[in-house]
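Enquirer: Chains as they are written, first to last, in the working numbering: chain V, 1 to 103; chain W, 1 to 103; chain B, 1 to 103; chain A, 1 to 319; chain L, 1 to 319; chain G, 1 to 319.
No lab work stands behind these hints: they were computed from the structure. Be a bit skeptical, because a hint or two may be false.
Computed cross-link-like contacts, DSSO-like style, restricted to lysine-lysine with a CA-CA straight-line distance of at most 30 Å [said to hold, decoys possible]:
#, chain 1, residue 1, chain 2, residue 2
1, W, 71, L, 24
2, A, 24, B, 71
3, L, 226, V, 60
4, L, 195, W, 24
5, G, 225, V, 60
6, B, 71, A, 225
7, L, 195, V, 60
8, A, 226, B, 71
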Amino acid sequence: MVETVTRKRIEILVDTPLVPRLIKHAREVDISGWSLIHVDAGGGHDGAWQHDDVTEAAAKTIILIIASEAKAAALVDALAPLLDSYGLLLTVGDIQVVRGDRF
Amino acid sequence: MVETVTRKRIEILVDTPLVPRLIKHAREVDISGWSLIHVDAGGGHDGAWQHDDVTEAAAKTIILIIASEAKAAALVDALAPLLDSYGLLLTVGDIQVVRGDRF
Amino acid sequence: MVETVTRKRIEILVDTPLVPRLIKHAREVDISGWSLIHVDAGGGHDGAWQHDDVTEAAAKTIILIIASEAKAAALVDALAPLLDSYGLLLTVGDIQVVRGDRF
Amino acid sequence: MIVETLTSPVILFFVLGIFAALIKSDLAIPEAFAKAMSIYLMAAIGLKGGIEVSASGFTPDLATAALAGLALSFLLPFFAFALLTRFGGLGQIDAGAVAAHYGSVSVVTFVTAKEILTGQGLSPAGYMVAVLALMETPAIISGLLLARRGQLNSNTESSGNGLLHEVFANGSVVLLVGSFVIGLIAGKDGFEPVKPLFETGFRGVLCLFLLDMGLVAARRLTQSKKLNARLVALALIIPVTNGALGVTIGTLIGLDVASAAALGILAASASYIAVPAAMRMALPEADPGIYLSMSLGITFPFNIIIGITLFSQLASMIG
Amino acid sequence: MIVETLTSPVILFFVLGIFAALIKSDLAIPEAFAKAMSIYLMAAIGLKGGIEVSASGFTPDLATAALAGLALSFLLPFFAFALLTRFGGLGQIDAGAVAAHYGSVSVVTFVTAKEILTGQGLSPAGYMVAVLALMETPAIISGLLLARRGQLNSNTESSGNGLLHEVFANGSVVLLVGSFVIGLIAGKDGFEPVKPLFETGFRGVLCLFLLDMGLVAARRLTQSKKLNARLVALALIIPVTNGALGVTIGTLIGLDVASAAALGILAASASYIAVPAAMRMALPEADPGIYLSMSLGITFPFNIIIGITLFSQLASMIG
Amino acid sequence: MIVETLTSPVILFFVLGIFAALIKSDLAIPEAFAKAMSIYLMAAIGLKGGIEVSASGFTPDLATAALAGLALSFLLPFFAFALLTRFGGLGQIDAGAVAAHYGSVSVVTFVTAKEILTGQGLSPAGYMVAVLALMETPAIISGLLLARRGQLNSNTESSGNGLLHEVFANGSVVLLVGSFVIGLIAGKDGFEPVKPLFETGFRGVLCLFLLDMGLVAARRLTQSKKLNARLVALALIIPVTNGALGVTIGTLIGLDVASAAALGILAASASYIAVPAAMRMALPEADPGIYLSMSLGITFPFNIIIGITLFSQLASMIG
Ligand SMILES: Nc1ncnc2c1ncn2[C@@H]1O[C@H](COP(=O)(O)O)[C@@H](O)[C@H]1O
Ligand SMILES: Nc1ncnc2c1ncn2[C@@H]1O[C@H](COP(=O)(O)O)[C@@H](O)[C@H]1O
Ligand SMILES: Nc1ncnc2c1ncn2[C@@H]1O[C@H](COP(=O)(O)O)[C@@H](O)[C@H]1O
Ligand code: NA
Ligand code: NA
Ligand code: NA
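Next up, chain V with everything else stripped away, as it sits in the complex (with noise of 0.2 Å):
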């Protein structure tokens, strides 16, 4: 079998706004790519939301990013302080890679 290497699997639902923002931090980390993921709706603590509101303030986006543990810890080191006034959902998951030198 080909060979894997642990990486951390990190998903950040965010307002769409402020999604350049985060990217910019996980740069800084020196974190190497970031994909998007489409999130239709969802609901907590503050009601209910739709993608579909006409002002894009109101809809989320899951940030999805691939590193390495200490990337991660660095990363979410630098998100700490913003995760309440920006209101993120931020979790970090255990996942193989394969050419895991890339991340």
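Once you've looked at the hints, dock chains W, B, A, L and G with the ligands against the given chain V.
Expert: What follows is chains W, B, A, L and G with the ligands alone, placed relative to chain V:
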């Protein structure tokens, strides 16, 4: 590094018209929030489907829920009788979250 | 609690035009189903991209596959020679599923 | 006449869609655009119907046609159910779900029929839009009665209010009825400023929408794994019988030829928006692969390409 | 006059949207289609404004109206801020964010007002589109000054260039100003070939867009958990006061009745596109639930259904 | 003449899109809407071409132009390949992929050219739409031959049927050819009812579509990391040479000035829909960053802003 706690990441793939019903079940086991991920197409035992169907009865959505182990178990138990008739695809994984008291 | 079994959760980020080809590989190793998750945008070594490109050659999609460990390994092996030329991002994680005999 | 129909751009685009799906072309109409067109078509057809009724007033004809439509929608499923269980070999629940589709109606089939009939100088009365709206939902109730017969105490989640709400608050019903009422209130003068969009563009949009419907219908047919020869046959027999019944009743209650043809087409058509959504919620055990493949994959193309011409000729013959 | 307004299809579709959301219908306009319509409306309104100014030339009236608009947008937030902190009980940051919305403007409110006024023979001057564009952004600066007052040295990430860029490169500002300039360059003759799309279809598109806005506004209101009685009251009081002020100033600086009414409506309207996006970036600590519910959930429907008529009558009275 | 072109709203919207992308505005046309517009434009151009040919009949001119188009599409990649490998420094596979793009055509460049030429009284023959459709695919075969030269036995997955199918069942090819055939069948009379949508709205839609194309082209250019000075130069040199060749051949085979100009523009234009999709499948090792940045990021804007005028003047001069 910021403190994290382990939580469950639940993904439920379900026909879009049934989403409100599953959310109701989640609320009943006191789950605090959910997000809907857009699925474009898929295939399985019953053939393939695309989201671009005119009838929404054929579209599917992923419900993403972060919850404590106890709530996740309660949700899985609540959904168990529906798994077959609703044709649910239900997966549960482990992730780390910051501000874990929210889930 | 309902009985669950461990399976693999495979995510493959790939250029949309190549999706049918990867599905064919998945079918060849006897994988029973797949779902396509909508990705809006992303960035990496090769620069950034958005789904709103007029040419579909530039859009990317995540193929989500739940499979047994054996089938997952077979799929990873089958895709190994394509990883570079197709520019795949392939991750494999562990999850619990109900009705595990389906995968 | 069938040649005339078959060389109209509206139908040709539908055929192009079927063709593209069959040769497995990657041609695809974006989902949001298809939905936008269906919203546009429903708003336009509702508005026009309302305006025509605001001009003609509530006539006895309207009342008779409405009653006939309601009765057809409510009763046709019983007949379809019998065929589906006995000849089609479906279980009670699947048969009930399919039956509901055939009692209800397809807005696009109606719209296409209206265009083709009007092109032949046979313009159905404006109130037929109201009949269309009325026929959408009674069949859902019959279908559920049939599916749940003898299980009245089953504590399904969807019993009662939830479903009623789902049926009457269904997006397409609200939009169609709402636009009809707006047309009634605004009248011919109020309509004038918005007419360019809703009238001028109508047939062109219908072309593009039918292109998508052709793609969707043919893809559903080829991707489906749930159809057998008997179900295919029923997906042709039921609309033909329902349609003939609709035309006959329309003629008997004294509708003009065009409106009787329209009633026949409504009876023959099968829902693929409101009813599938309601069935998925009310009867989750029913297999959507069966009812969608039959209504969307077979009956819809049959009606567009053959049914419309068939029932309008029948109406001309007996009218 | 209010009856006339309330029976126009444009407003009726808005009411239908509100109704559908209140009965919890699943009617939904696809997001991409709604965004497409808003792009179309902004391009059309920009083009038309530019063409009218290219015909009339840059008049002193234009300059006065532009100055008045700029001043209103910049100053109105100070007045709103006082009300929001004292009567509404909001903190400095939330109050600053909300205040910015009320200083800025809503393009759709303006477009609807233009349609309704024109329908009553009261056509606002073409340059009011330029005023609309000018009023979008100054309020953002005032709102930020208010929110950050006394914290000048706070090293927020968004201070400085980033925000200025966000404000002036905001999609809706670029599209509106860009289309206005294209209209100016192309003039009446250059516009002729593209006129069918941008003029003929305009009101119909506005109908469908307001249908969506009704859905969105009512859903936001019912799903919101952030409003209390005082904030609801302010979401009605602020537009009425701002609007009255706008009409008065418009009349004092010598604008014709229709343009004074339009200035009032601009002052009364609250942004729900450019400003929320800017606030989410510049003041992430401010709660979007508050500003969106107030501007989109209350002020927007109030202006569409009542405000437009109110301010046009006020302008007629004092004009 | 270039001034006339540059003040047409169609081009101005394209420039606005480029401008918005360069100042990093967040202006964005929803993907579904952009795709919808491209479907609309292809259906409309196909229909109109078919109707014109149904009126003029299959003339010898049509046959000559078709042959010339086929030959150009098949042969132009060989010339481009030589430049790309020798001067551009690309490897065999990348050069073959890029070359295929330059042999094939861009529908939007053609449509824009048709609008601009028609605006100058230079209306290309209806059959040029058929030539457009014919030129889409031969270049794909040449490009693959070039990329795989000397590797005939390579057991790539895409060899054979799969690719042929991909090429001929490509959505844009099916839609263009299908609409052309529908136009042929329906003729002028059959087109009448759908004309309002497909003719009246055409230029307005083209404006909004080019706005999006401007955004997309400029973003691709600024986000690309694959271009160097030589490739940029080739993305200008190849279209100029191809275009000049196309005009010359068009004139030599006796086409009227407008049609010769159109043939030149087709030769100069580079595909950014059908070919990239085919290349991504047939030559996954080729870098899409190179071929998309060249065809979409440089050649497309060059042709829209300068090329169209250039080749129409050349055609007028030598015609
Ligand atoms: N570390 C990462 N995490 C998530 N997505 C990534 C990552 N790296 C690359 N991607 C995605 O893969 C695409 C191609 O990456 P690259 O080949 O590095 O340009 C990017 O545009 C992203 O969408
Ligand atoms: N437990 C959860 N699982 C998944 N998504 C969540 C969860 N909680 C919140 N969300 C998402 O985060 C958004 C904001 O949450 P809240 O701040 O609780 O209102 C919600 O609208 C959901 O989209
Ligand atoms: N193994 C799988 N991995 C990911 N998605 C799946 C899998 N199996 C089924 N699905 C999804 O679930 C839907 C229904 O599956 P089925 O009931 O097998 O037809 C499919 O169309 C896919 O979207
Ligand atoms: Na029926
Ligand atoms: Na204001
Ligand atoms: Na070419």
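Enquirer: Against the 30 Å threshold, does the CA-CA distance of residue 71 of chain B and residue 225 of chain A hold or violate the hint?
Expert: holds (24 Å)
Enquirer: For the pair supplied as a hint, residue 24 of chain A and residue 71 of chain B, confirm whether the alpha-carbon distance does not exceed 30 Å.
Expert: Given that 30 Å is the threshold and the Cα spacing comes to 28 Å, the pair holds.
Enquirer: Is residue 226 of chain A close enough to residue 71 of chain B, meaning Cα to Cα at most 30 Å?
Expert: With Cα atoms ~27 Å apart, residue 226 of chain A and residue 71 of chain B stay inside 30 Å; holds.
Enquirer: Can the restraint linking residue 71 of chain W and residue 24 of chain L be considered satisfied, given a maximum Cα separation of 30 Å?
Expert: Holds. Residue 71 of chain W to residue 24 of chain L sits at ~28 Å (cutoff 30 Å).
Enquirer: Taken at face value, is the distance from the CA of residue 60 of chain V to the CA of residue 226 of chain L at most 30 Å?
Expert: holds (19 Å)
Enquirer: Verify the proposed pairing of residue 225 of chain G with residue 60 of chain V, using a straight-line Cα cut of 30 Å.
Expert: holds (29 Å)
Enquirer: Hint check: residue 195 of chain L vs residue 60 of chain V, CA-CA at most 30 Å. Holds or violated?
Expert: This hinted pair is violated, its Cα atoms lying about 37 Å apart.
Enquirer: Going straight from one Cα to the other, do residue 195 of chain L and residue 24 of chain W come out at no more than 30 Å?
Expert: The given pair, whose Cα atoms are some 50 Å apart, is violated under the 30 Å limit.
Comparing the model with each earlier hint shows violations of hints 4, 7; every other hint is respected.
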